[in-house]
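My request is simple: use the sequences and hints to build the entire structure.
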Amino acid sequence: GAVVSQHPSWVICKSGTSVKIECRSLDFQATTMFWYRQFPKQSLMLMATSNEGSKATYEQGVEKDKFLINHASLTLSTLTVTSAHPEDSSFYICSARDRRELTNEQFFGPGTRLTVL
Amino acid sequence: AQTVTQSQPEMSVQEAETVTLSCTYDTSESNYYLFWYKQPPSRQMILVIRQEAYKQQNATENRFSVNFQKAAKSFSLKISDSQLGDTAMYFCAFISYSGAGSYQLTFGKGTKLSVIP
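Residue numbers (the numbering used here), protein chains in the order written: chain C, 1 to 117; chain G, 1 to 117.
Note that these hints are calculated values from the structure, not bench results.
Accuracy of the hints is not assured; some may be wrong.
Claimed, not checked - Residues from chain C that face chain G, not an exhaustive set, calculated with beta carbons under 7 Å: (1) Gln-106; (2) Pro-110; (3) Gly-111.
As the list claims (entries may be wrong) - Footprint (simulated), chain C over chain G, 3 or more residues, beta carbon under 8 Å: (4) 38-45; (5) 105-111.
The beta carbon of each residue, even a glycine, is placed where N, CA and C say it ideally should be.
Shown next as structure tokens:
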């Protein structure tokens with residue numbers, strides 16, 4: 001089946017530093033990847049849509065200069081949280097859409113827990 | 001804009017019994033897909049079942065089935081013979097075309113299901 005990995009699964013960083021999260025589709029090519037943020041006991045909130053070879057599309061209220069997204073290949077997208085602050089602490093989930101999949105199903109990574117001290 | 005409403009924040013069911021989770025949605029589109037995702041304590045999003053709007057027949061996957069009422073914009077999930085491993089957050093989701101070749105998932109707020117031994 002379609003597998004999406006995320007790395008790291010858990011990261012702790014100091015306030016003011018930057019953190020990079022990788023999202024990889026392991027056995028399929030993903031023209032589109034999505035980045036979500038999830039607070040405890042809440043639903044997933046879409047942050048941005050990333051298309052291979054083009055700039056990401058950010059949702060309203062998401063700072064593009066703070067959350068840098070790069071989708072340089074058909075199997076890798078990265079999210080960099082720049083100058084992280086404690087309020088950026090959250091669970092970040094990526095998903096990927098298989099370019100061959102007609103139902104537009106998204107396959108989810110296992111998530112990354114970010115804690116900013 | 002599409003909206004997805006899950007009116008039951010929490011539910012519980014005895015092991016081996018049947019439970020139904022509710023979901024309603026609002027859209028002006030005629031062609032779309034609906035999904036139920038499960039998020040266990042590991043927080044990995046797992047697809048439970050999907051339904052194409054153009055199909056009148058309700059989707060089924062083993063113990064999981066849906067009651068899709070297109071006119072009423074209702075998409076409920078029935079879990080039969082509940083098992084302890086079914087304990088999780090369940091999210092109803094709707095996929096729509098957002099332009100420029102992108103398809104975005106809109107999630108409901110989720111229903112926390114507890115299966116009681």
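Evaluated hints:
{"no.": "1", "hint": "Gln-106", "verdict": "holds (6 Å)"}
{"no.": "2", "hint": "Pro-110", "verdict": "holds (5 Å)"}
{"no.": "3", "hint": "Gly-111", "verdict": "holds (5 Å)"}
{"no.": "4", "hint": "38-45", "verdict": "holds (count 4)"}
{"no.": "5", "hint": "105-111", "verdict": "holds (count 5)"}
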